[in-house]
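S.K.: Sequence:
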Amino acid sequence: MPLPSAEHHHIVFLQGEVLQIPQFTLPAPFTYSQTVHPWTSAPEVAERISDASIIVLSAVRVDAVALSPEVSPHLKLIVIVASGFDCIDLEACRKRGIAVSNCPAANIEAVSEHAIGMYFAARRKLLDMHLATRAGSWKEKGLLMFDYLDKDGTPPLTCQDEVAGIIGNGSVGKRIAMLAGNLGMQVLISDRKTSNAADSSRVPFDSVIKQSTVLFIAVPLNESTRNFISTPEFESMSSHAILVNVSRGGTIDEDALVQALRERRISGAATDVFKEEPAGPGTSPLLAEDVADLNIIATPHLAWLSQKTLINYAAKLKLAVEEWCTGQPVNVVT
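Taken in order, the sequence shown gives residues 13 to 346; the numbers are from this note's numbering.
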């Protein structure tokens with residue numbers, strides 16, 4: 013296998029088993045070879061990218077050590093087959109002039125529909141009802157209605173009674189807002205947490221936190237959004253509030269969320285993402301054994317999963333590599 017050169021690229025796929033890998037058509041005089049690893053853990057990254065000029069990944073962490081000239085001397089382009097890019101040390105890439113591209117807006121439909129599904133699961137306690145019914149509790153008790161009333165003894169809200177707060181007004185946030193509105197919810201689009209700008213289409217962050225009965229989180233993870241929903245926000249929320257997170261786990265203070273649920277400050281939570289992933293009982297308080305009685309719906313960062321998403325990802329990956337080779341890179345994040 014030839015090493016990368018001015019006219020030859022070696023593309024290394026770090027998580028090939030979750031991708032539809034396209035056939036690239038590079039402009040002359042460029043050629044390419046490729047190595048496909050089905051899956052790569054963070055400790056394996058450095059060794060696997062040592063002879064790559066282009067790497068393709070979905071979520072694995074690539075740190076400053078892996079991005080050093082000593083470890084990845086040929087590296088010129090990183091394509092993230094996802095919207096988020098917090099797994100890459102962007103500063104290290106800037107210092108070396110390594111281009112980083114992502115694949116935005118590929119999973120809009122899947123993620124937004126997953127968010128709405130998680131809302132219904134949490135609001136209606138569908139999983140608990142399913143398990144109780146399967147276990148024979150309905151036959152045994154005759155009536156399970158009182159097991160599924162809210163903490164104040166009232167039945168769950170219907171969509172027409174919901175106030176949906178949308179935190180994040182990107183492509184996913186906009187589609188969630190559309191779906192929520194079509195279901196009959198009153199929709200509030202939040203302004204940024206710290207903003208002095210006047211925008212008549214948005215509602216101040218604090219007002220959205222207080223007024224919403226269902227709060228959808230759809231923001232990227234950066235320093236301004238890390239743990240930006242924490243104890244003060246939970247203390248301000250409606251006691252009927254359901255929190256739905258389909259963005260990044262680090263945006264929510266997980267310990268504060270568990271505490272809010274224990275103290276019944278809010279009604280429930282649903283999350284597809286966790287601060288540390290892959291997540292399990294030993295890594296996240298949201299999955300610990302002692303929270304089994306709380307109204308928490310959890311899925312394993314698969315809100316994006318759909319046929320359409322995979323097709324979109326393949327097309328955007330192909331475009332990112334080919335356009336970069338022409339000197340006209342797309343979706344560049346640094």
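These aren't lab readings, by the way, just hints derived from the structure by calculation. Some hints here could point you the wrong way.
Claimed, not checked - Calculated cross-link-like contacts (lysine to any residue; reagent style SDA-like; alpha-carbon spacing at most 25 Å):
| # | residue 1 | residue 2 |
| --- | --- | --- |
| 1 | 107 | 271 |
| 2 | 107 | 155 |
| 3 | 163 | 271 |
| 4 | 153 | 165 |
| 5 | 222 | 232 |
| 6 | 287 | 346 |
These figures come from a predicted structure and were not determined experimentally.
S.K.: Each hint should be assessed against the structure and marked as holding or not.
M.R.: Evaluated hints:
1. Under the criterion of a C-alpha separation no larger than 25 Å, the hint pairing residue 107 with residue 271 is inconsistent with the structure, at around 41 Å.
2. For the hint linking residue 107 to residue 155, the alpha-carbon distance of about 65 Å lies beyond 25 Å, and the restraint is violated.
3. Our distance criterion of 25 Å between C-alpha atoms is met by residue 163 and residue 271, whose separation comes to about 16 Å.
4. Proximity of residue 153 to residue 165 is assessed by CA-CA distance (about 19 Å); at most 25 Å being required, the pair is judged to hold.
5. Of the pairs offered as hints, the one joining residue 222 and residue 232 holds, with about 22 Å between alpha carbons and a cut-off of 25 Å not exceeded.
6. A hinted pair counts as satisfied when its Cα atoms are at most 25 Å apart, and residue 287 with residue 346 qualifies at roughly 24 Å.
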